[in-house]
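Can you build the whole structure from these sequences, using the hints too?
Once you know that position 57 of the sequence shown is 439 in this note's numbering, the rest is easy, because the numbers rise by one and skip nothing.
Hints in this document: simulated from the structure, not taken from any laboratory. All C-beta atoms, glycine included, are put in the ideal place defined by N, C-alpha and C. Any given hint could be a false lead.
For each label pair, taking beta carbons as the anchor points, the in silico distance ranges come out as [to be verified]: (1) Asp391 <-> Asp611: 47 to 55 Å; (2) Asp611 <-> Asp440: 38 to 46 Å; (3) Glu533 <-> Lys604: 25 to 33 Å; (4) Asp440 <-> Thr536: 16 to 24 Å; (5) Pro487 <-> Val514: 35 to 43 Å; (6) Tyr596 <-> Lys384: 36 to 44 Å; (7) Ala405 <-> Gly531: 12 to 20 Å.
Capping the alpha-carbon separation at 25 Å, the derived lysine-lysine pairs in BS3-like fashion look like this [to be verified]: (8) Lys483 <-> Lys587; (9) Lys424 <-> Lys587; (10) Lys587 <-> Lys563; (11) Lys563 <-> Lys604; (12) Lys604 <-> Lys587; (13) Lys518 <-> Lys563; (14) Lys586 <-> Lys599; (15) Lys563 <-> Lys483; (16) Lys589 <-> Lys599; (17) Lys518 <-> Lys483; (18) Lys587 <-> Lys599; (19) Lys563 <-> Lys599; (20) Lys523 <-> Lys599; (21) Lys384 <-> Lys483; (22) Lys518 <-> Lys599; (23) Lys589 <-> Lys604; (24) Lys384 <-> Lys424; (25) Lys563 <-> Lys523; (26) Lys523 <-> Lys587; (27) Lys586 <-> Lys604; (28) Lys518 <-> Lys586.
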Amino acid sequence: MKSLILVEDDERLAELVSQYLTANGFSVTRFADGEGLIERVKASPPDAIILDVMLPGDDGFTLCNRLRQFYSGPLLFMTAKSESFDQVLGLEIGADDYVVKPVEPRVLLARVNALMRRATSTEAPVHSGSVVTFGKLSIDKLSRRVNLGGEDITLTSHEFDLLCLLADNASQLVERTTLYKELIGREYDGLDRSADVRVSRLRKKLKDNPQNPYRIKTIWGKGFFFVADAWSDE
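Structure, rendered in structure tokens:
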């Protein structure tokens with residue numbers, strides 16, 4: 383049975399979501415706030431986490447930031463706010479996706495299942511030649527580890543998948559429509575900024591220049607371009 387932690391202070395909503403997910407094959411552990419959450423996830427990491435943004439005590443953003451220090455599994459935000467600032471901030475600090483409340487339980491279930499499928503789709507063993515190297519960047523698809531200039535880079539499962547998609551298409555344009563379909567699991571509507579946020583987060587971890595990226599470039603109006611010969615320095 384798949385394990386999931388739900389952090390939601392609205393008792394009625396938490397009960398509704400918990401019952402629906404349980405009926406669809408999840409073992410759900412509920413928290414009304416962040417008290418004890420970090421210790422619980424460290425002791426027994428779940429398959430996925432659903433995290434409300436507005437919580438008593440530490441808010442969801444703070445908890446997400448702390449969780450991402452050691453937890454790389456799927457993490458989805460629920461937010462009552464529809465402003466893009468909240469959504470972008472959530473993605474920037476490590477969430478894999480978000481839904482805006484009120485959300486239908488079946489929609490939430492579909493989002494969680496999609497995140498979990500993408501998180502596990504690359505866990506099957508690959509051939510021994512699984513290490514891809516670009517200058518000082520090394521990507522090991524078997525162990526899902528990334529090293530840059532001798533330093534291990536910690537990526538979430540979805541950040542790693544994004545890097546692999548770009549690296550597999552090095553020196554080629556990866557269109558936004560492809561990225562949304564392959565990694566986010568929905569069609570690009572022309573307005574959604576989540577892909578840009580994910581790429582920006584990846585750039586930061588890979589020490590790219592945020593003002594003038596030279597390793598992972600944005601081709602405005604089209605998509606992203608992984609520069610194969612831009613990894614000789616750190």
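How the hints compare with the structure:
1. At roughly 50 Å, the beta-carbon separation of Asp391 and Asp611 lies within the given 47 to 55 Å, and the hint holds.
2. Taking the beta carbon of each, Asp611 and Asp440 are about 43 Å apart, inside 38 to 46 Å as hinted.
3. The hint said 25 to 33 Å for the Cβ distance between Glu533 and Lys604, and at roughly 31 Å that hint holds.
4. Distance hint for Asp440 and Thr536: a CB-CB separation of about 21 Å, consistent with the stated range 16 to 24 Å.
5. Distance hint for Pro487 and Val514: a CB-CB separation of about 40 Å, consistent with the stated range 35 to 43 Å.
6. Between Tyr596 and Lys384 the Cβ separation comes to about 40 Å, which falls inside the hinted range of 36 to 44 Å.
7. Hint check: Ala405 to Gly531, Cβ distance near 49 Å, so the stated range 12 to 20 Å is violated.
8. Taken as a hint, the Lys483 and Lys587 pair is broken in the structure, with Cα atoms around 31 Å apart against an allowance of 25 Å.
9. For a cut-off of 25 Å, the pair hint linking Lys424 to Lys587 stands: about 23 Å separates their Cα positions.
10. At most 25 Å may separate the alpha-carbon atoms for a hinted pair to count; Lys587 and Lys563 meet this at roughly 23 Å.
11. Straight-line distance between C-alpha atoms of Lys563 and Lys604 comes to about 14 Å, which keeps the hinted pair within the 25 Å bound.
12. The straight-line distance between the Cα atoms of Lys604 and Lys587 is roughly 23 Å, inside the 25 Å bound, and the hint therefore holds.
13. Proximity of Lys518 to Lys563 is assessed by CA-CA distance (about 30 Å); at most 25 Å being required, the pair is judged violated.
14. With a CA separation close to 13 Å, the supplied pair Lys586 and Lys599 stays within the 25 Å bound.
15. Annotation: proposed proximity of Lys563 to Lys483 holds, straight-line Cα distance about 24 Å (limit 25 Å).
16. In summary, the hint linking Lys589 to Lys599 is supported, as the alpha carbons are separated by about 13 Å, within the 25 Å threshold.
17. Our distance criterion of 25 Å between C-alpha atoms is broken by Lys518 and Lys483, whose separation comes to about 43 Å.
18. At most 25 Å may separate the alpha-carbon atoms for a hinted pair to count; Lys587 and Lys599 meet this at roughly 15 Å.
19. Distance restraint check for Lys563 and Lys599: the Cα-Cα separation of roughly 20 Å lies within the 25 Å cut-off, and the hinted pair is therefore satisfied.
20. Between Lys523 and Lys599 the CA atoms are separated by roughly 23 Å; this keeps the pair inside 25 Å, and the hint holds.
21. Restraint check for Lys384 and Lys483: satisfied, since their Cα atoms lie roughly 24 Å apart, inside the 25 Å limit.
22. Distance check on the hinted pair: Lys518 and Lys599 sit about 18 Å apart at the alpha-carbon level, within 25 Å; holds.
23. Taken as a hint, the Lys589 and Lys604 pair is honoured in the structure, with Cα atoms around 23 Å apart against an allowance of 25 Å.
24. A threshold of 25 Å between alpha carbons decides the hint, and for Lys384 with Lys424 the separation of about 17 Å falls inside it, so the pair holds.
25. Among the hinted pairs, Lys563 with Lys523 is consistent with the structure: their alpha-carbon atoms are about 21 Å apart, no more than 25 Å.
26. Distance check on the hinted pair: Lys523 and Lys587 sit about 18 Å apart at the alpha-carbon level, within 25 Å; holds.
27. For the proposed pair Lys586 and Lys604, the alpha carbon gap of about 21 Å is at most 25 Å, so the pair holds.
28. In summary, the hint linking Lys518 to Lys586 is supported, as the alpha carbons are separated by about 16 Å, within the 25 Å threshold.
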